[in-house]
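Engineer: Sequence:
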Amino acid sequence: MKIIRLFFVVLSFFLILVGNADADPLSLRIISECGFTSDFGNPVESYEDVDKITNIGPRLTGSELAISRYDINAFNIPVKDETGKALLSKISSTDGRVLFDHGFGVFLKRNLYAEAGYMDEGVWKVKVLSDFPIDYDPGNKPHKKEYFLCLKGDWPKIPPLDFDPDAKSCDVNRALCDYPPCIKKKKSRFSPFPVIQPEEHHQPTNNVFTNLASQIMGAITSGGAIEHKSSGITFSMTFRDRTPPRIIGCVGDDFPELGKDKPAKTGDWHKIEGLKIVDNDSKKVGTCLCLGKIDAYPDPDWMNNSEWVKEEPFREVEKDADAQYIIMPNSCHGYMQYSIFAWDKNGLLNPGDPHIIEDKPECCYGLKKPPTGFANLGREPLTALGWPLTLPLGDSLLSVDPKLIDPDQKRGTGLLNIVDNDLPNIVIKFTSVKDGKSTMFPPVIQPLELPIFTSSEYKKDSGVADANAKDYEDFVGGAGAVFTNDLVDKTASLFFKVLEILPSPVMEPEEAGLLNRIKFPANEDDMDFIRKCFRLEDYKESDTDINGAPIIGNLDTFGKRNGIGGEVTAVLESPLQEDVEYLVSVWTDDNVKWATKDESGKLLTTILALPTGINGGEINLSIPNQLPPVSQKMVIDKTRAVSSEMRVVFREPTPPGGSGNVSFYHDRKFPFIEVCATDFAGLTRKIKLFIRVSNENPNIRILERQHEKHD
2 MKIIRLFFVV LSFFLILVGN ADADPLSLRI ISECGFTSDF GNPVESYEDV
52 DKITNIGPRL TGSELAISRY DINAFNIPVK DETGKALLSK ISSTDGRVLF
102 DHGFGVFLKR NLYAEAGYMD EGVWKVKVLS DFPIDYDPGN KPHKKEYFLC
152 LKGDWPKIPP LDFDPDAKSC DVNRALCDYP PCIKKKKSRF SPFPVIQPEE
202 HHQPTNNVFT NLASQIMGAI TSGGAIEHKS SGITFSMTFR DRTPPRIIGC
252 VGDDFPELGK DKPAKTGDWH KIEGLKIVDN DSKKVGTCLC LGKIDAYPDP
302 DWMNNSEWVK EEPFREVEKD ADAQYIIMPN SCHGYMQYSI FAWDKNGLLN
352 PGDPHIIEDK PECCYGLKKP PTGFANLGRE PLTALGWPLT LPLGDSLLSV
402 DPKLIDPDQK RGTGLLNIVD NDLPNIVIKF TSVKDGKSTM FPPVIQPLEL
452 PIFTSSEYKK DSGVADANAK DYEDFVGGAG AVFTNDLVDK TASLFFKVLE
502 ILPSPVMEPE EAGLLNRIKF PANEDDMDFI RKCFRLEDYK ESDTDINGAP
552 IIGNLDTFGK RNGIGGEVTA VLESPLQEDV EYLVSVWTDD NVKWATKDES
602 GKLLTTILAL PTGINGGEIN LSIPNQLPPV SQKMVIDKTR AVSSEMRVVF
652 REPTPPGGSG NVSFYHDRKF PFIEVCATDF AGLTRKIKLF IRVSNENPNI
702 RILERQHEKH D
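If you're matching positions, the sequence shown starts at 2 in my numbering and goes up one per residue.
By construction, these hints were calculated from the structure, which means they are not laboratory data. A hint or two may mislead.
Unchecked claim - Below, a list of computed lysine-lysine pairs in the DSBU-like style, where the Cα atoms sit at most 35 Å apart:
(1) K230 to K128
(2) K128 to K110
(3) K404 to K346
(4) K285 to K53
Given these sequences and hints, build the entire structure.
Structural biologist: Pasting the structure below:
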């Protein structure tokens with residue numbers, strides 16, 4: 002491990018040198034040998050809003066890079082060449098030396114500083130920090146911070162030197178001569194004749210420096226500066242995000258009640274506005290709307306036991322802007338619950354908690370029910386914990402696996418207003434007792450193609466989970482049914498004629514005019530329109546597009562959205578038979594099977610079951626063209642989807658011919674049946690159907706005569 006560390010130290014120093022080829026080598030060396038750290042090491046990896054990072058500064062490690070004047074002054078006298086060369090080699094080995102008067106530590110304090118600079122449109126903006134140590138408060142925003150260690154210039158520097166000896170020791174200081182030593186001139190003291198021994202010198206070349214200090218001092222230059230990032234010595238701090246998005250507009254434990262002025266509508270895409278989601282780091286946030294839907298078999302205690310589902314697609318919204326959500330409410334009238342999950346670009350998830358607050362890691366930012374071990378995320382930089390609820394993201398905010406969002410983990414909820422804008426469906430059936438064949442109006446939909454929402458209270462004792470749908474299947478089964486698909490495919494004739502048709506009160510005014518295409522008389526294009534669009538309403542077909550805007554003029558969905566309008570008067574052109582007994586029954590159904598508010602608008606804590614969705618209505622059958630006239634009336638039983646049967650025989654045929662005027666059929670006393678059904682929201686659909694009755698007596702007499710002939 003030590004070898005690896007040493008390798009990286011050497012490599013780093015090499016890269017510094019390579020990357021700063023023009024810089025003063027001694028300056029680079031001084032910088033590289035000054036450790037840059039803090040009480041928490043270097044680099045510091047932590048989170049936003051932790052405590053201060055303290056004692057940031059250089060640590061002296063390169064004292065051998067300096068030399069004092071006192072040390073140089075020692076060479077004011079002659080010194081042997083190896084002594085002088087040793088000094089010069091020492092200076093050169095470190096690319097020169099700093100000349101100081103008051104200690105290397107003083108030099109560093111005077112000349113080292115840090116830059117906390119940044120690039121601004123290509124220009125380096127400098128912020129100088131010269132007082133070490135530094136304390137840094139990270140604040141409460143995720144970010145990165147770097148200090149670059151720098152060195153001032155214009156300080157006394159002894160560059161690398163290579164002087165040669167300038168004198169012989171014999172000439173300046175024979176004590177410095179090498180062995181054999183020089184021999185002085187001698188005179189014999191005892192010889193009668195003086196004998197003089199000449200001096201002997203064995204130093205052939207210069208071998209001493211007479212004043213090396215002066216030479217060194219004469220070579221002093223100014224040291225170079227290291228600025229900006231050029232040193233490569235950096236103190237780095239990274240403070241990651243640990244605050245999830247906050248949902249603005251909540252009150253206490255609750256999300257605000259939405260849709261007071263513009264409620265959501267059953268079965269329709271609806272844009273919800275008025276909430277804001279903000280984040281301390283991300284410009285955009287990802288959101289998921291979670292709905293507490295009341296479907297299938299709701300628990301009576303609906304506020305605690307709604308079926309929570311997540312609505313897709315998820316949405317990306319601008320922070321601080323209205324959080325616009327698109328939802329499709331269920332088959333409940335009144336209120337349902339909602340919650341909003343939000344996550345930022347770092348994948349920090351707010352699981353629908355209205356209590357999230359910033360800058361409070363000690364209580365996990367107010368998160369309800371934090372995971373075990375995360376109640377206090379802490380502020381100590383090295384032990385602080387991150388946000389415990391995260392989503393792995395791909396290349397976008399919406400690249401999240403939907404399976405990782407669990408609506409049941411919501412922390413807060415609110416109420417969403419829902420109104421019913423779908424009218425009841427009505428089917429009138431005449432079944433011949435003679436042959437069992439049935440005639441139905443309006444055209445019916447195949448059972449598997451028509452959504453029938455089920456009620457937990459409808460035929461509960463039967464044990465059939467989808468009794469509502471089963472009743473419809475049984476009602477339209479058997480011989481004689483003409484289905485909408487048969488009309489569209491033109492495999493069946495158009496067996497009715499529409500005289501009057503009025504829009505429903507919830508129909509878009511811009512579309513109401515299209516209903517005129519259904520009225521008699523009709524051209525060929527209108528006939529195709531009637532075959533396709535005069536049909537039962539499909540409660541799952543939205544009246545709005547995916548952005549919540551009303552759909553206007555889409556002929557492909559017109560019939561599914563509007564059904565047979567609000568009130569229709571028609572003639573059954575496929576005649577019923579004279580003097581044949583018929584069983585007349587009516588099927589009525591509405592999309593809304595439950596309510597969470599009563600008819601006065603009061604919020605209910607216990608769900609109100611609406612077994613058929615029908616809250617009232619009646620059936621009136623009138624046969625004015627026979628004596629005595631026949632009239633039958635029946636109140637629709639809102640606990641039964643299929644009415645009781647009326648037994649009726651049409652004793653007189655109706656006259657031939659027809660018209661587009663209702664008065665024509667009244668004046669000629671055509672039998673008719675009127676059905677109206679009103680749902681819990683007070684929306685009513687009405688049908689008035691004139692019945693054409695065929696004259697079967699001539700046909701019967703012809704058959705009798707044929708029988709006599711054969712005898």
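Engineer: It remains to establish, for every hint, whether it holds in the given structure.
Structural biologist: Hints and how they fare:
no., hint, result
1, K230 to K128, "holds, 13 Å"
2, K128 to K110, "holds, 18 Å"
3, K404 to K346, "holds, 18 Å"
4, K285 to K53, "holds, 29 Å"
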